[in-house]
Every structure is written in C-alpha cells, then in structure tokens.
Amino acid sequence: MRSGENGYVLFTVGQAHDSGLLQQIPIEPGKKVRFSAWAHAWSNHQDPESDSLYPHPDDSCWSEGAGYDPFFALEGEKLEDSRTGNITFWVGIDPSGGRNPFSNNVVWGQGAHIYNAYAQVPTVEATAQSELITIFMRANARYQFKHNDAYWDDAELVVADDSIQGTPPRGKPRIQFERFYVLLPPGANSEWASAVVEATWDDNRYTIGGSADDAGIGDLDSRIVLVVNPEKWGGPKVMSQFFSENYPGVRLRSIKAETPLELVTQLREE
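Everything in the sequence shown is counted per my numbering, starting at 4 for the first residue and increasing by one.
A couple of the hints might just be wrong.
[Said to hold, decoys possible] Straight-line C-alpha distance at most 25 Å; calculated DSS-like pairs for lysine-lysine:
#1 81 with 259
#2 235 with 81
#3 259 with 240
These aren't lab readings, by the way, just hints derived from the structure by calculation.
Whole structure, please, built from the sequences with the hints as guidance.
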C-alpha cells in the first residue's frame with residue numbers, strides 16, 4: 004500500500020487480463036471533476052526453456068523488463084524492452100454516469116506503464132452531464148505471464164470547477180482545436196528549434212517552446228506535448244506528475260534525440 008491500511012490488487016496467474024474498478028458518485032450537473040489514483044504492477048514470468056530471458060521467476064521484487072528498479076513510461080512511448088509494456092494503467096470518468104467502461108462516453112486519461120513502486124496514473128477531467136458520474140480504474144495485462152498483479156491506492160475525486168461569474172476567464176479559445184507543442188529541454192539552442200521548424204512547419208506548424216507551463220496552459224480539449232529528451236526534465240514520471248497536477252488533460256509523448264538532425268527524423272515519424 005502507498006498510504007493508509009487498505010488498497011486494491013487485481014491479478015491473474017498465467018493469464019492476460021483487462022481488469023478494473025468502478026464507482027458511481029452523485030454530482031451536480033455542470034460541475035468539472037478531476038480523478039486521480041496511484042498504481043504499480045508486478046509483472047513476473049517463469050519459462051524453463053528461456054531462463055536467460057526470465058531469470059528471476061517468482062521473485063516478488065523483480066518485474067520483467069524493469070528488473071528491481073522503479074519503472075514509469077507513458078503509453079505510446081518507445082520502449083527499450085517490450086516487456087515493460089505488459090501492464091498499462093488508466094483512470095477514466097463517464098460524465099453521464101454509465102457503468103460500461105467500453106462506452107464512447109468514457110473520458111480516459113493517458114495510460115502509463117508502472118512497475119515496482121507507486122506512481123500517479125495520469126489524471127483525467129470531465130464535466131458532469133447528469134446527477135451521477137462514474138469513475139473507472141483500469142489495468143490491462145497483455146502477456147500471459149505467470150504473475151500479472153496490478154496494485155491501486157490513493158484514488159481521489161475532486162471538484163475542479165473553475166468557472167467565475169462575471170468576467171470570462173482569459174485563455175479560452177475562439178474555437179476548439181488540437182494543439183501540438185514541442186517542448187525542448189533546458190539548454191537547447193536555436194539549432195534544436197530550427198530542427199522542429201524543418202520537420203513540422205510546412206505540414207503541421209507545431210508550437211515550439213522551452214516552458215512546461217507554456218506547453219500545458221490553455222482551455223483546449225486536446226493538448227498534446229511532445230517532450231524532447233524528458234530525462235533532462237527529470238524523466239517521464241516527473242513530467243507526467245507535473246502536468247497531472249498543474250495542467251490535467253495534457254497528453255505526453257517522449258522523443259529522445261542525440262542531435263538536432265536526429266530530432267528532425269523523429270518528428271517526421273510522428
């Protein structure tokens with residue numbers, strides 16, 4: 004457990020799974036709510052014919068691909084070891100109060116692969132459309148590993164209604180649009196900015212900058228931030244928690260590039 008005396012664990016033995024929890028909660032229609040939770044997985048396998056690939060069967064501190072270390076990666080990131088993509092966590096809200104997690108009404112936050120230590124799953128926001136909303140916590144295990152365990156703790160739902168009577172808030176867009184922001188790391192010079200222009204300007208005209216706050220701000224339904232070399236910001240986990248706490252709803256993608264020329268190639272593949 005991360006805190007308190009109780010938590011949840013959902014697991015299968017030798018089977019893949021798509022598991023979760025839900026709860027319906029009364030709410031005043033029109034209220035904006037934010038849902039968050041913390042999670043981590045234990046993903047461990049045994050295969051006598053592949054001892055070198057699975058060297059620590061039944062070791063409760065070892066997760067395949069991650070080893071003994073804490074691991075965090077956002078869904079969609081390029082993974083050095085595909086086994087770290089086995090278990091994915093999401094939180095979601097159905098603003099209409101439905102109980103079907105596969106309904107198109109459900110607003111899902113970004114997924115995350117988390118192992119060996121609790122980390123916050125990317126938060127999600129929605130505006131209540133009825134007198135009930137439903138919150139979901141979901142974990143999906145892709146591979147039929149011997150141990151597929153998903154742990155949950157510290158789920159929290161808060162009212163995040165920031166509407167102000169009188170003067171409309173600044174930053175509201177004239178029309179909704181999908182915004183892509185290329186967030187360059189600290190210390191990046193003009194060569195890196197020029198690489199973004201070369202790769203994206205003619206076809207996409209992505210926004211370019213070096214401020215995480217600038218990347219997250221704005222009352223847009225779709226904000227996608229391409230974080231270049233996230234380890235220079237402290238790593239994907241740090242960035243995910245920063246945006247979850249300060250700019251919920253932002254979706255992150257990590258791009259790793261050693262040179263501006265490599266960044267051009269990576270962006271053109273996006």
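So, going through the hints one by one against the coordinates:
no., hint, verdict
1, 81 with 259, "9 Å, holds"
2, 235 with 81, "17 Å, holds"
3, 259 with 240, "15 Å, holds"
Of the numbered hints listed earlier, not one is contradicted by the structure.
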